[in-house]
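K.L.:
Sequence:
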Amino acid sequence: MGELRPSWIEVDLDAIRHNVAEIARIVAPAEVCAVVKADGYGHGDVPVAEAALEAGAKWLAIALLAEGAGLREAGIEAPILLLSEPNRGDAAEVVRWSLTPSLYRAEFLEELESVAPEGYPVHVKIDTGMHRVGAEPEQARALVDAVVAGPLSLEAVWTHFPVSEEDDDFTARQTRMLADFVAELRSAGIGPEIVHAANTAGALGHPAARFDLVRPGIGVYGLRPAPGYAPEADLRPAMRVISHVAHTRRLSAGSRPSYGRTRPMPSDGTVATIPIGYADGVNRHLRDAGGSVLINGKRYPFAGNVTMDQIMVDVGSDPVEVGDEVVLLGRQGDEEIPADEWAERLETINWEIVCGFGPRLPRRHIG
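Under our numbering, the first residue of the sequence shown is numbered 1207, with each subsequent residue one higher.
Check each hint, because a few of them may be wrong.
So the derived label-pair ranges between C-beta atoms look like this [said to hold, decoys possible]:
hint	residue 1	residue 2	range
1	1231	1522	41 to 51 Å
2	1537	1295	38 to 48 Å
3	1351	1279	18 to 28 Å
4	1302	1528	49 to 59 Å
5	1312	1262	47 to 57 Å
6	1339	1454	24 to 34 Å
7	1351	1304	17 to 27 Å
By construction, these hints were calculated from the structure, which means they are not laboratory data. Because the structure is a prediction, the values reported are computed rather than measured. Backbone N, C-alpha and C define an ideal beta-carbon position, used for all residues, glycine too.
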């Protein structure tokens, strides 16, 4: 049914492959675990996962049990790391879908031991400063000891970075904490096969944090964790948000298009209506924040409030016609509207931008 919609998201899988291969080149000999949670950051999790694995990723990571089940149902057999513990009572589903669970509570360990086959691999997560989920170092050691003493297999220990793109000292401190924790385990004869910590920023900017495995998320999609971060990495944005002009109307200066009639036309001009709106993820604040779209390789500003299903742009006296391609995010000709621009205008982060486009927009995968 997606063909019936004149607006869609185009995802370049060649760009995904390129980004994963580029990250793998930089972090070698560490391996890559491509994070494909949140429907592949809005890009489509199954096609992205397949492309990432084709490009050399050895692992995938997701946030929700259902996300992992969906990848397995699509035929993906690579190891899949579940980044957070599931709901109470769902350990059997973790095993059913052959997901590798993160572990940071004794209660979940006990539940998993009751349903998992002997030797089932787990990753113990230690909290080194993110303070979201994870076990404090003392608790993590107790969990490790319990895993080693029980029927499960300690495959990895890991942590997560909250400020690796902006605070080198704090990230280095986290890295040392994890390294010291692992050294203590190994001195006691406990040897996890894998140690991992680095997200995209950690992988690209903190070589000591690469350990055995890195978990890039935003970098897989060609975006940087901060504008200009790690410029030596050749990352290519994979997403374009596309629509088409559905209607044009000539209006006189002073006319006030759209709901609220909040902004008068500065001069006589043509308003083009485009069938995409805030129900699709086009934020209403973009108009007041100076947002624009691309038509025929040229920028045009919003002419009125973003509505649920449509936006209007002021194209002046340019020869814009019904059916012309409109790009809201991405490149058209020599011009580009990057996700970072939306993020700056909306005072947010590029993660939220690409994850914010709704399911009404079909994902069309090229490459």
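K.L.:
All hints are to be evaluated individually against the structure, with a verdict given for each.
P.N.:
So, going through the hints one by one against the coordinates:
no.: 1; hint: 1231 - 1522: 41 to 51 Å; result: holds, 46 Å
no.: 2; hint: 1537 - 1295: 38 to 48 Å; result: holds, 47 Å
no.: 3; hint: 1351 - 1279: 18 to 28 Å; result: violated, 36 Å
no.: 4; hint: 1302 - 1528: 49 to 59 Å; result: holds, 51 Å
no.: 5; hint: 1312 - 1262: 47 to 57 Å; result: violated, 36 Å
no.: 6; hint: 1339 - 1454: 24 to 34 Å; result: violated, 51 Å
no.: 7; hint: 1351 - 1304: 17 to 27 Å; result: holds, 26 Å
Consistency note: the structure conflicts with the earlier hints numbered 3, 5 and 6.
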